[in-house]
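Q: Each chain is listed here by its residues.
2 protein chains.
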Amino acid sequence: MDVGEKAAVADLIKLAGSCGGIGPGDDAAAVDLGDRYLIITTDMIAKHTHVPEGMTPWQVGWTVAAVNYSDIAAMGAIPLCFVVSMGFPKETDISYVKDVARGIKECSEMVAADYVGGDTKECYEMALSGTAVGTVRKEGILLRSGAKPGNVLAMTGSAGLAGAGFEDLTLGSKHARARKALMEPIPRVKEAALLSASGFVTSCMDTSDGLASSIHELSKASEVNFMLNWDAVPIPNDVYEISELKLLPVEDMVLYAGGDYQLLFTVERENVEELHQMLGKDFTVIGEVREKGGNVVRRSGQLLTLENKGFEHFKG
Amino acid sequence: MDVGEKAAVADLIKLAGSCGGIGPGDDAAAVDLGDRYLIITTDMIAKHTHVPEGMTPWQVGWTVAAVNYSDIAAMGAIPLCFVVSMGFPKETDISYVKDVARGIKECSEMVAADYVGGDTKECYEMALSGTAVGTVRKEGILLRSGAKPGNVLAMTGSAGLAGAGFEDLTLGSKHARARKALMEPIPRVKEAALLSASGFVTSCMDTSDGLASSIHELSKASEVNFMLNWDAVPIPNDVYEISELKLLPVEDMVLYAGGDYQLLFTVERENVEELHQMLGKDFTVIGEVREKGGNVVRRSGQLLTLENKGFEHFKG
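For the record, the sequence lines run as chains A and B.
The first sequence begins at 1 in this note's numbering and counts up by one.
The second sequence begins at 1 in this note's numbering and counts up by one.
There are no misleading hints in this set.
Okay, derived cross-link-like pairs now, PhoX-like style, lysine-lysine, Cα gap no bigger than 25 Å in a straight line:
hint: 1; chain 1: A; residue 1: K47; chain 2: B; residue 2: K90
hint: 2; chain 1: A; residue 1: K138; chain 2: A; residue 2: K148
hint: 3; chain 1: A; residue 1: K90; chain 2: B; residue 2: K47
None of these hints come from the bench; they were simulated from the model.
Required output: the full structure, derived from the provided sequences and hints.
A: As structure tokens, this is what we get:
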């Protein structure tokens with residue numbers, strides 16, 4: 001297209017309905033069901049931009065389900081069901097299609113959602129479009145807006161592993177954990193349900209487009225700024241190893257690569273301890289919310305600008 | 001693919017969950033929401049197979065919404081919302097994308113549903129995947145199964161107009177009504193709501209793949225046979241005109257061409273009059289349900305076999 005994906009999407013969001021101000025602009029849309037919100041999201045995977053070399057059909061299916069469930073999780077919702085439209089080239093073997101469907105089914109089982117059907121068509125390029133639907137109590141919905149100065153910034157899991165997995169592809173894939181993070185993302189559905197139930201979370205989204213990009217999105221939606229504390233970011237050893245082997249800065253994978261599908265959220269500082277009791281150790285405070293000062297990284301006592309660049313496709 | 005679209009879809013349906021026996025195999029899937037069913041369906045349009053020459057981007061958008069709303073209608077449900085994943089080639093102009101979105105928005109407004117968002121990606125071939133969601137009272141759901149011997153077969157609107165519109169493309173498009181039927185299908189959402197509310201309908205589906213194909217589908221799902229009364233089928237004059245100009249049998253367009261998106265349904269004979277009072281004249285009794293004898297057409301006193309061939313793509 002003539003304009004970048006994000007600009008095009010922003011234009012289209014204006015055309016799509018606003019759902020009373022909730023939904024568009026967030027990870028998924030919210031529709032009023034009376035007693036609760038229906039949460040719905042759709043995400044497409046096209047072969048040349050989103051399917052790295054060596055990804056198995058099972059992993060393709062798993063991924064198209066996982067990325068959609070991650071959007072549902074980011075809104076604090078419980079996944080309900082999943083449908084998929086699949087376009088395959090004429091010469092595609094039916095066993096490939098079935099393996100894709102098995103990947104979808106197993107990912108859906110993991111999050112206790114029903115894979116209820118779909119559509120299969122012929123398309124010159126393989127293109128899979130998944131739609132996940134969930135529901136959430138009205139007061140439990142998590143949005144990108146709502147972060148307040150004084151809140152802390154936190155994330156589930158770690159940062160950089162999927163990005164490192166992508167770099168590892170050209171290393172002959174010696175790092176199984178990184179490769180798996182890239183090829184079989186885990187949507188943080190259980191954690192999202194706990195975050196929603198806690199009542200402590202002031203804003204939330206997933207890190208699918210990278211940590212830096214997500215921080216800038218929360219910043220824009222909440223009209224606040226963030227200071228990311230580099231030393232607090234949980235970075236697996238594989239990321240450092242792959243960084244050395246590829247002679248690439250660790251920051252590129254941790255801040256600017258996508259594919260991690262962790263939850264990035266804000267809470268009041270006084271609630272962190274209780275949240276740890278609910279979620280266990282699998283989240284980390286990595287920064288704080290400030291009224292102004294731009295979005296910055298604190299590292300070795302210095303404040304550096306956090307660039308607003310992210311990852312949209314495997315291939316630019 | 002190695003196998004036809006329907007065979008592939010049938011295989012995939014087995015992999016998708018059964019939703020307690022409701023949904024897969026019908027026009028859309030049903031998910032239990034406690035007090036009602038959530039109805040969900042997804043349909044993909046790929047450029048080379050589903051976008052006839054001369055279709056405007058607005059019509060492309062309208063169609064991807066309409067075909068999904070038609071599936072919701074076929075289940076007796078009220079549409080709630082719509083999302084779409086759109087894959088466009090890199091060189092696509094943003095104005096094209098916006099016109100597609102406007103078509104979706106206007107079709108959604110017509111059926112009083114919310115177009116709530118989507119995803120835009122780069123794909124070598126234009127591929128649009130829409131997902132529509134609706135809800136229906138549990139006792140109001142319409143399924144393909146349920147037709148009983150002695151019931152009559154009925155349809156909304158007319159048959160053959162979209163098929164004639166497709167043939168008309170090579171005639172220089174002199175038949176505006178047929179062309180419009182092909183390019184801007186109208187999902188029968190209001191009629192579906194009335195059919196659902198009536199409590200009279202024993203089975204229902206849409207005629208998207210053609211009248212003959214739909215009759216065979218109802219036959220299979222309900223384990224009954226049908227006798228279609230040819231003289232009763234409402235066929236617009238344009239279909240006869242285009243048939244003569246193209247030297248093609250009228251039957252090809254009326255029975256075996258797709259794209260009409262009418263509702264095909266069965267009711268007990270004694271309820272037909274009351275249903276006419278609810279829906280007005282816009283439905284016609286076109287046949288009857290029989291216990292056995294195969295699916296046949298009665299024409300000029302003769303019983304002919306109704307072939308089970310339909311239409312899957314604009315181009316074979």
